[in-house]
Amino acid sequence: MSQAVARTLDLKGLSCPLPIVKTAQAIKELASGELVEALATDPGSVADFIAWCTSTGNELLEHTEEGGVFRFVIRKK
Amino acid sequence: MPARVVVLGGGVGGTLVANLLSKRLRRDVRVTVVDPTGMHAYQPGYQYLALGQANGRWLVRDERTLLRTDVDLVVEPAIRVHPDAGTVQLARGGSLDWDYLVIATGARLAPELVPGLTEGSYEFYSLEGAQRLREALRRFRGGRLLVGVAGIPYKCPPAPVEFVFLVEEYLRRRGIRNRSEVRLLSPLNRAFTIESASKVVQPLMAQRGIELTTFFNVESVDPSSGVVSSLEGEKAEFDLLVLVPPHRGQDVVVESRLGDASGWLPTDRTTLQVEGHERIFAIGDATNLPISKSGSTAHFEAPVVASRIAALVKGSAPRSNYGGNVMCFLETGNRQGTVLRFDYEHPPAPPQPSAIWHSAKWLFNRMYWGVVPQGRLPERMPIPVPRGRSTE
Chain X
1 MSQAVARTLD LKGLSCPLPI VKTAQAIKEL ASGELVEALA TDPGSVADFI
51 AWCTSTGNEL LEHTEEGGVF RFVIRKK
Chain P
1 MPARVVVLGG GVGGTLVANL LSKRLRRDVR VTVVDPTGMH AYQPGYQYLA
51 LGQANGRWLV RDERTLLRTD VDLVVEPAIR VHPDAGTVQL ARGGSLDWDY
101 LVIATGARLA PELVPGLTEG SYEFYSLEGA QRLREALRRF RGGRLLVGVA
151 GIPYKCPPAP VEFVFLVEEY LRRRGIRNRS EVRLLSPLNR AFTIESASKV
201 VQPLMAQRGI ELTTFFNVES VDPSSGVVSS LEGEKAEFDL LVLVPPHRGQ
251 DVVVESRLGD ASGWLPTDRT TLQVEGHERI FAIGDATNLP ISKSGSTAHF
301 EAPVVASRIA ALVKGSAPRS NYGGNVMCFL ETGNRQGTVL RFDYEHPPAP
351 PQPSAIWHSA KWLFNRMYWG VVPQGRLPER MPIPVPRGRS TE
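First to last, the sequence lines map onto chains X and P.
When we follow my numbering, the leftmost residue of the first sequence carries the number 1, and every step to the right adds one.
When we follow my numbering, the leftmost residue of the second sequence carries the number 1, and every step to the right adds one.
So that you can see chain P by itself, here it is in the shape it has in the complex (with noise of 0.2 Å):
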């Protein structure tokens, strides 16, 4: 009888795992990927729908198109995980046996933690939340408009900081910039966590006149005031706000008491496996790893999760490790952008922003679809990306 792998989550980890165990164990596995909405969405692009460079065609594809035929996809939320018994109960009533799981289901968005953040701010986070955003932005014209996070950890570390090099460009070509005042709010004495990263961009921010308000957590929004306070006692006014939201993990991992207090999953660090269950792997945000949630990381970990399925499935030991690999983008605004490839043991070095970045990061968008979910992308980059020294 075929081992039965079930996988929660139909985004680019779910997907590209299944796909990649679905060709390596051919008769020797049945895989099903069980997926809410049936729908896998590019969420790097939702920063271009905001700013009118993309619409919400390119951004979303039935999951059914990116599966192999041998994968079955059920379209139903899954609620609860029963490790001992090894099945998974879905919404509708039905369940799935499974021998081996792979919980990909991501992070939620949890506005509700914060205080007027939802009727207050705007997001880039959501297809709804871009499409939002994207009719403010047509609407602005001109005043403080501030970008921010509104908790942490949240998705795509450096996607703030991208998003105010881009709508700073975006007002400029608009003929609004000189009305306008472009700031972000860091949680840190920096534009981003990575040192490294930092700077590089401030003083491309600084040219540009982008204004940085440093540690800044925040606290609450006021929305009849146009007022968003800190955690550190300060107050910012605004006339449009843009806040990534806080992330929480996803109701089935809470629903099945496997995740820690904020529903992410306590998964080893190397072989991803969640602790204390050694036939459950864990990928992506979903995760508690103290790295980006990101689809890179998602990206990275899948094949390292394919390949220790198939080798406990053929009864051999599995030798794939994760290393932490981590790579992304960073546009700065001006068709110019830096990399960011780090693991465990290597901080990011990235490169002097150029127009080969952004060209690469609009190489990758375009690709995505027909590469990334089938497991076509080479391994190896076809341009040498630098990377910090080791730090062991």
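For reference, chain X alone in the conformation it holds in the complex (with noise of 0.2 Å):
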């Protein structure tokens, strides 16, 4: 089975750069190994998540997208 989300956020209809400043915030609250799942509008988010995942340590499992809505789920390091 696959681990549980400890926090989904909803960042929908805001525009860079709010989602990653957002997600930072909330994974600061989370521990280490826990799930955070962030669900946003905004087109340009899929490279900045990316690229903050890559930068920041955190692992990105999972992007998907669905009616214009693209969600991330990340696993904090």
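Please note: incorrect hints may appear among the correct ones.
For lysine-lysine, the following DSS-like pairs were computed, each having C-alpha atoms within a straight-line distance of at most 30 Å [said to hold, decoys possible]:
(1) 77/X <-> 235/P
(2) 12/X <-> 199/P
(3) 28/X <-> 235/P
(4) 12/X <-> 155/P
(5) 76/X <-> 235/P
(6) 22/X <-> 155/P
Across the chosen pairs, the derived CB separations fall in these ranges [what the hints assert, rightly or not]:
(7) 47/X <-> 174/P: 37 to 47 Å
(8) 62/X <-> 371/P: 49 to 59 Å
(9) 68/X <-> 199/P: 20 to 30 Å
(10) 135/P <-> 2/X: 50 to 60 Å
(11) 28/X <-> 28/P: 51 to 61 Å
(12) 75/P <-> 68/X: 41 to 51 Å
(13) 62/X <-> 94/P: 52 to 62 Å
The hints are simulated quantities; they were obtained by calculation from the structure and are not laboratory data.
As the structure is a computational prediction, the values presented were derived from the model and not from experiment.
Using N, Cα and C, we set each Cβ at its ideal position, and we do this for glycine too.
Dock chain one against chain two, each of which comes alone in its own frame, and use the hints as you go.
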């Protein structure tokens, strides 16, 4: 069974760079290894999330798009 | 009886909407502007003040002198809007009735949201802040100078990039550039949120030796050790720290329970009506719209709101819509600049920095007081401004 998401962030309608900022704030409050799910509608957020995870060492487990909503699942390092 | 329009806020948006309404409707309208200070500031000038290139007198004028004589001005804070009663309560106990309300109250600086920010950093987002920064820069003898933002959203998104270019030039002119490190802290992996603009400014930053720290979302400042920390767990040491403080909506919006969690007004992106309130409009920094908080935005929104209210007063269907227009100049130092023009459907396509856009910015800076609040600036630009291809 896959690990449960500790927190879901609704970032729909927010424009760059707010999705990254809010995710950075939320991840700060999680324990190492916990998962956060982020839902965003800004198309630019895909590249931003990939780059942010690479840079910070948090692991981007999934990113999918459905009906204009981008979903990211990130594991805190 | 003339329609009663109350405008909260005497900034660029509020002043322009009041003047346009009074010009268009004349005797059919009674416009009252409510402003807590009665003073109108040209905020884009604050950075020049900090760099010793402008004085406070140029930047602030008496609001009364900018309004048409038939517009009333009440110098007093508004403390609460009662949408159902159609009134607004004032700080000294009085109240004003309105048929239409325009909320143009702008943003409040909220440095208290970041520990250590007030004691440990400087800003150029208020007159007092710009004056303090000017003194700090005069005392600066070289060292690590860091520029960044301490919260999102903030007014005038290009301002930190612009400031880092201008302050680098300032240090060169003072002869202390070789003793200084100049660094921009960015919340993203590029210098600026808009990618096309980052592509234009980053090579220039590299040329001038301006360092870039990416994914640095400020969490706190330690004034005693001179260290700023990020949410990402990084630390940066500084001798002089310039951070744009976090912004929030004004208290009157929060008190009236009209705003979201940060005090921004949920606003329709085309009609600029406050959601759920047909007779209340919002413009400028006070809205929750996902576009730049800037004077330029308010400047483009004001004619739409004036036109919609005028139509409603005359009993016709409002036809004017806001398309997300924003235009801003971006100084890149060495008397050069570029320009960003965009709307909901077109991303900006900033041209290579040149002397033209630096001169255009200064022409605008000098013309502001005589043309913008009065609505005298032509809607069409005298020089064509490039814009990106439609994303639709």
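Taking the hints in turn, this is what the structure says about them:
| no. | hint | result |
| --- | --- | --- |
| 1 | 77/X <-> 235/P | 18 Å, holds |
| 2 | 12/X <-> 199/P | 26 Å, holds |
| 3 | 28/X <-> 235/P | 15 Å, holds |
| 4 | 12/X <-> 155/P | 21 Å, holds |
| 5 | 76/X <-> 235/P | 19 Å, holds |
| 6 | 22/X <-> 155/P | 18 Å, holds |
| 7 | 47/X <-> 174/P: 37 to 47 Å | 39 Å, holds |
| 8 | 62/X <-> 371/P: 49 to 59 Å | 53 Å, holds |
| 9 | 68/X <-> 199/P: 20 to 30 Å | 26 Å, holds |
| 10 | 135/P <-> 2/X: 50 to 60 Å | 57 Å, holds |
| 11 | 28/X <-> 28/P: 51 to 61 Å | 55 Å, holds |
| 12 | 75/P <-> 68/X: 41 to 51 Å | 47 Å, holds |
| 13 | 62/X <-> 94/P: 52 to 62 Å | 57 Å, holds |
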